[in-house]
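There are 2 protein chains.
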Amino acid sequence: MTGTRAWHLKARPTGLPDMSHFELKPLDLPALGEGEVRVENRWLSVDPYMRGRMNDVKSYAPPFELGAPMQGGAVGTIVESHSPDLAVGDTVFHMMGWREQAVGPASAFTRAPAMGVEDFQWLGNLGLTGATAYFGLLRVAEAKPGDVVFVSAAAGAVGSAVVQIAKAKGMTVIGSAGGAEKCAWVRELGADAVVDYKAQPVVKGLMEALKAIGADGIDVYFDNVGGDHLDAAFAAARNGARFAICGMIEGYNAGPPPAFRYIMRVIAARITIKGFLYFDYLSEMPDFYRDMGGWIASGAVKSRETVRDGIEAAPQAFLDLFAGANVGKMLVRL
Amino acid sequence: MTGTRAWHLKARPTGLPDMSHFELKPLDLPALGEGEVRVENRWLSVDPYMRGRMNDVKSYAPPFELGAPMQGGAVGTIVESHSPDLAVGDTVFHMMGWREQAVGPASAFTRAPAMGVEDFQWLGNLGLTGATAYFGLLRVAEAKPGDVVFVSAAAGAVGSAVVQIAKAKGMTVIGSAGGAEKCAWVRELGADAVVDYKAQPVVKGLMEALKAIGADGIDVYFDNVGGDHLDAAFAAARNGARFAICGMIEGYNAGPPPAFRYIMRVIAARITIKGFLYFDYLSEMPDFYRDMGGWIASGAVKSRETVRDGIEAAPQAFLDLFAGANVGKMLVRL
Chain F
1 MTGTRAWHLK ARPTGLPDMS HFELKPLDLP ALGEGEVRVE NRWLSVDPYM RGRMNDVKSY
61 APPFELGAPM QGGAVGTIVE SHSPDLAVGD TVFHMMGWRE QAVGPASAFT RAPAMGVEDF
121 QWLGNLGLTG ATAYFGLLRV AEAKPGDVVF VSAAAGAVGS AVVQIAKAKG MTVIGSAGGA
181 EKCAWVRELG ADAVVDYKAQ PVVKGLMEAL KAIGADGIDV YFDNVGGDHL DAAFAAARNG
241 ARFAICGMIE GYNAGPPPAF RYIMRVIAAR ITIKGFLYFD YLSEMPDFYR DMGGWIASGA
301 VKSRETVRDG IEAAPQAFLD LFAGANVGKM LVRL
Chain P
1 MTGTRAWHLK ARPTGLPDMS HFELKPLDLP ALGEGEVRVE NRWLSVDPYM RGRMNDVKSY
61 APPFELGAPM QGGAVGTIVE SHSPDLAVGD TVFHMMGWRE QAVGPASAFT RAPAMGVEDF
121 QWLGNLGLTG ATAYFGLLRV AEAKPGDVVF VSAAAGAVGS AVVQIAKAKG MTVIGSAGGA
181 EKCAWVRELG ADAVVDYKAQ PVVKGLMEAL KAIGADGIDV YFDNVGGDHL DAAFAAARNG
241 ARFAICGMIE GYNAGPPPAF RYIMRVIAAR ITIKGFLYFD YLSEMPDFYR DMGGWIASGA
301 VKSRETVRDG IEAAPQAFLD LFAGANVGKM LVRL
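As they're listed, the protein sequences go chains F and P. Using the numbering used here, you'd call the opening residue of the first sequence number 1 and step up by one each time. Using the numbering used here, you'd call the opening residue of the second sequence number 1 and step up by one each time.
Hints are computed from structural coordinates only; laboratory data are not their basis. We put the beta carbon where it would ideally sit given N, CA and C, even for glycine. One should not assume that every hint holds.
Here are the simulated DSS-like cross-link-like pairs (lysine-lysine), alpha carbons at most 27 angstroms apart as the crow flies [what the hints assert, rightly or not]:
no., chain 1, residue 1, chain 2, residue 2
1, P, K169, P, K144
2, F, K58, P, K211
3, F, K144, F, K211
4, P, K211, P, K198
5, F, K167, F, K198
6, P, K198, P, K302
7, F, K58, P, K204
8, F, K211, P, K58
9, P, K58, F, K204
10, P, K10, P, K25
11, F, K144, F, K302
12, P, K167, P, K198
Facing chain F, from chain P, some residues (calculated, C-beta under 7 angstroms) [to be verified]:
no., residue
13, S59
14, Y60
15, M248
16, P257
17, F260
18, R261
19, M264
20, V266
21, I267
22, A268
23, R270
24, I271
25, T272
26, I273
27, K274
28, G275
So these bits of chain P aren't anywhere near chain F, every CB distance computed over 12 angstroms [what the hints assert, rightly or not]:
no., residue
29, A11
30, H21
31, P69
32, R111
Make the full structure from the sequences, and use the hints.
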């Protein structure tokens, strides 16, 4: 490597982004100051929420700055340390994202707990992805053993974790995914029924799935998609159903605003709908590491990754998320 | 009066109902059995939720039967009693609805508590209307002193109660209503700002109202309307906002499904949305009678009625609800 490079935000997209919005440029990193460390990144995370940060809109995460390096989840190795807290060779995860090297105070990096898992798991089932699934399902939607849980984008990173956590907790699960291959994987993860949303309207598929498992409705909906999936969940909700709204990937890029035929059922069925962000639950991370670590060790929670190689691949991997090109977690390996 | 008459459901509407869906017909009432009473109705309630019961769809209240008398709130006087529980001359309220006389077991009728209020209040601020406002605002949305509360249909029966309860509890209130006359009344009720949704897009009016009161968003939305009002509330929600969904009058009659440009804010702002029905809170009615009775006695909660005379007037009064013809509670006086 001749120098550090990072992806910069070149222009703000209005609809679907394309390669013209990103630029890979050299980055001058300073010599380490007192208490600072240098990290060589090994894995970059590629997540749908990053689309929101490309807009110049105040939201839960500040927008990416135009012309500045893009931030995002990453795992790397400490290659130089001026801090007593982190040693050369430590595996750390951090949010400085799409770059080869990162420099900063030791406090900006978290040493990966010694759990005997592959490094990329800190971006997946043991990272933002898994924590989002865990807190969304168990805390936000308050899903309980015996509940019928509907999960959209069930072959995606978060969705596949939701399916498996729900099964580990004794719930009945219906997962939706696009196409036969993804649906087969969702079944493999333990889902009791699947809805192939490319083969039929979601609401029809969901009603058939419910019939197949002998249930008259859903208690919980874990939403990664919005739009027709959310509307189908309104149609199928049992009284007192809880919806955890994690993402609405259908709405991340400009398009007609989603319309809802069944939204009025929110009243009759007394549905509770809650939007959430996993970092509101940071104080409960020890619970998450204990449970998720146990499930990974026992094989109750498996993962699958869609891996692209080389920092050059990051923006296209990101764009491919919106076309549903990933099964499981989308990652870039450096 | 030569005999008892009742409005019957003649046909089920698909969109907006009209007079052809209702029929006023004689009704044979039996002689009283043991424990039964006969009530002469004085006031009939006309409520938007009744539109849902005209459909043949399972919901929280069973559908009206085709060809059978329509049910609904009513206040009347006991004129004959075979029960020790109710005496001739007692004022009672009940759900047997749109008819001149009703016969049934004493348990089907509730004697109006002695609170020195006009009889029709048992259909309004001390009835379903006021209880819906009270429990929706204070229990479902958990509105607290200091909150900024947005209420749609604020000149309607439920909305006008919400405005006044919120003010009595020390909240800041923005009410929306259609037209200058209604908006003036909403201000008279104590609203800090009003949005005339006929004069501009709701979202624009709401943002201007917020600026006028020096607030950067809403903590609570009490929804009687759905559609553009709900979407504006998404746009204006502060972090942790709570929405109580009471009704969606825009969606009660067939039309294009509502679309939402700002629904994605449910995630970033961690909005909680809950549908509710007041009768889930029946166990707390003593709290409601105590608080609402006090507010009515002190003048903190006032009411206004739109009154139509004669049983013949009931269906048109009902249809007029959907055109926004009422200010305050729509009632039929017999």
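- Can the restraint linking K167/F and K198/F be considered satisfied, given a maximum Cα separation of 27 angstroms? holds, 25 angstroms
- Message: Restraint: R261/P near chain F, CB-CB cut 7 angstroms. Satisfied or not?
- Response: holds, 4 angstroms
- For the pair supplied as a hint, K211/F and K58/P, is the alpha-carbon distance within the 27 angstroms limit? It holds: about 18 angstroms lies between the C-alpha atoms, which stays within 27 angstroms.
- Should the interface hint for A268/P be scored as holding, given a Cβ-Cβ cut-off of 7 angstroms against chain F? holds, 5 angstroms
- With 7 angstroms as the cut and Cβ atoms as the points, is S59/P at the interface with chain F? holds, 5 angstroms
- Query: Do the alpha carbons of K58/F and K204/P lie within 27 angstroms of each other, as the hint requires?
  - Reply: holds, 19 angstroms
- Query: Does G275/P meet its interface restraint, that is, does its C-beta lie within less than 7 angstroms of any C-beta in chain F?
  - Reply: This interface hint holds because 4 angstroms falls under the 7 angstroms limit.
- Restraint outcome when F260/P is required to lie within 7 angstroms of chain F by C-beta distance: Because about 6 angstroms separates F260/P from the closest Cβ in chain F, which is inside the 7 angstroms limit, the hint holds.
- So, I273/P near chain F? Judge it on the closest CB pair being under 7 angstroms. Holds - the Cβ of I273/P comes within 7 angstroms of chain F, reaching about 4 angstroms at its closest.
- Given M248/P was flagged as interface, is its beta-carbon under 7 angstroms from a beta-carbon of chain F? Result: holds, 5 angstroms to nearest chain F Cβ.
- With chain F as the partner, please determine if V266/P meets the hint condition of a C-beta pair closer than 7 angstroms. V266/P check passes; min Cβ-Cβ to chain F is 4 angstroms, inside 7 angstroms.
- With a cut-off of 27 angstroms on the C-alpha distance, tell me whether K169/P and K144/P pass. holds, 7 angstroms
Hint check: no violations occur; every hint is consistent with the structure.
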